[in-house]
Amino acid sequence: MEDLGQSIRPKLRLTVGAFSAGLFVFFEHYYISEVGIEWVNLALSVTPISIAFTVFCVVALINAMNFIDGINGLASGKTLMAAFALMWLSNAYNELNLTLLGTAIFSASLGLFMVNYPQGRIFLGDAGAYTLGFLLAVSLITLQNKQPEISAWSILLIIFWPIADMAHSIVRLRIGSQCSDRPDALHLHHVIMRSLVISSCGRIFLVRRPKKNSFSETN
Amino acid sequence: MAEPNFMTAILGLALSLALVLTFASLFRFFGRKDLNVHKKHAAHSRPTSRLGGLAVCLSILTVMVINNEA
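First to last, the sequence lines map onto chains R and V. Going letter by letter, the first sequence gives residues 91 to 309 in the numbering used here. Going letter by letter, the second sequence gives residues 1126 to 1195 in the numbering used here.
No lab work stands behind these hints: they were computed from the structure. Heads up, some of the hints might be wrong.
[Stated by the list, open to error] Derived DEER-like restraints, expressed as beta-carbon distance ranges:
1) V:Leu1146 - R:Ala257: 32 to 38 angstroms
2) V:Arg1153 - R:Phe250: 33 to 39 angstroms
3) V:Asn1193 - R:Val287: 25 to 31 angstroms
4) V:Val1190 - R:Tyr207: 45 to 51 angstroms
5) V:Leu1151 - R:Ala254: 32 to 38 angstroms
6) R:Lys101 - V:Ile1135: 37 to 43 angstroms
7) R:Phe250 - V:Val1190: 27 to 33 angstroms
8) R:Leu132 - V:Arg1153: 53 to 59 angstroms
9) R:Arg262 - V:Ala1143: 37 to 43 angstroms
10) R:Ile127 - V:Val1190: 36 to 42 angstroms
11) R:Asn131 - V:Ala1143: 42 to 48 angstroms
[As the list claims (entries may be wrong)] So these bits of chain R aren't anywhere near chain V, every CB distance computed over 12 angstroms:
12) Thr105
13) Ala108
14) Val125
15) Leu134
16) Pro138
17) Ala142
18) Leu188
19) Ser197
20) Gly215
21) Ile253
22) Ala257
23) Ile260
Beta carbons: idealized from backbone N, C-alpha and C, even for Gly.
Produce the entire structure from the sequences given, and follow the hints as far as they go.
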């Protein structure tokens, strides 16, 4: 609905995301129970905490994918990489269904990427970012549950960028006492892109046009 | 269910490209200038469809269904 011009409150989006994650946990019985940190693993051994943490992580990734959908090719490119990693890992561990899902996400995202980057003829949109975030989250959780020998850190590495970008934005807005659900152009990817442009273009931004008055004075 | 192979990827890519290009073209011809322009994309010079995700989701769904039928 957001992509068709109707505004939807952020709290409602979060609630729907949490509901979807809850449905996944309820029907599939896959939770995050191991994150590679001893005391957190101890807390996650309690099932309700594990379920709540799983729902939180799924909602976080759903929103993180939407956060990075601010530059042409970033969200679709990140989805490409994550889907490729999912495909590769699932294939290595003979998980046929997850390999198929990874292949489908990868190939479909590649089609979008070719049109989205660099000219931005079409955007991923909120619907796409939420759906792809949800698909990636549940498939990675499923993979880690089916193959516990896969390190939780490797799963985190696959989705590191969206999570880091979202964490940066939330911390920045909380420190500045601003509302974290409003879009702006100070996300981590915006800042990095600007710094890359400045470092590659040198002092180009410091060159100013001559003022009209000064021009007429010289004439 | 058939094992995913190179053709699965090609099918997904072709479907996705077709849908994405269709949505982008439809928006160019019929889209309202003020529609689908989100605040975060306001820096872009022209209004652009935000239905790329829908195209991707439809492609994924179709690939999964076709592969399950095979």
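Status of each hint after checking the structure:
no. : hint                                     : verdict
1   : V:Leu1146 - R:Ala257: 32 to 38 angstroms : 35 angstroms, holds
2   : V:Arg1153 - R:Phe250: 33 to 39 angstroms : 36 angstroms, holds
3   : V:Asn1193 - R:Val287: 25 to 31 angstroms : 46 angstroms, violated
4   : V:Val1190 - R:Tyr207: 45 to 51 angstroms : 28 angstroms, violated
5   : V:Leu1151 - R:Ala254: 32 to 38 angstroms : 36 angstroms, holds
6   : R:Lys101 - V:Ile1135: 37 to 43 angstroms : 42 angstroms, holds
7   : R:Phe250 - V:Val1190: 27 to 33 angstroms : 32 angstroms, holds
8   : R:Leu132 - V:Arg1153: 53 to 59 angstroms : 56 angstroms, holds
9   : R:Arg262 - V:Ala1143: 37 to 43 angstroms : 40 angstroms, holds
10  : R:Ile127 - V:Val1190: 36 to 42 angstroms : 40 angstroms, holds
11  : R:Asn131 - V:Ala1143: 42 to 48 angstroms : 46 angstroms, holds
12  : Thr105                                   : 20 angstroms, holds
13  : Ala108                                   : 20 angstroms, holds
14  : Val125                                   : 28 angstroms, holds
15  : Leu134                                   : 30 angstroms, holds
16  : Pro138                                   : 32 angstroms, holds
17  : Ala142                                   : 27 angstroms, holds
18  : Leu188                                   : 10 angstroms, violated
19  : Ser197                                   : 3 angstroms, violated
20  : Gly215                                   : 3 angstroms, violated
21  : Ile253                                   : 19 angstroms, holds
22  : Ala257                                   : 18 angstroms, holds
23  : Ile260                                   : 16 angstroms, holds
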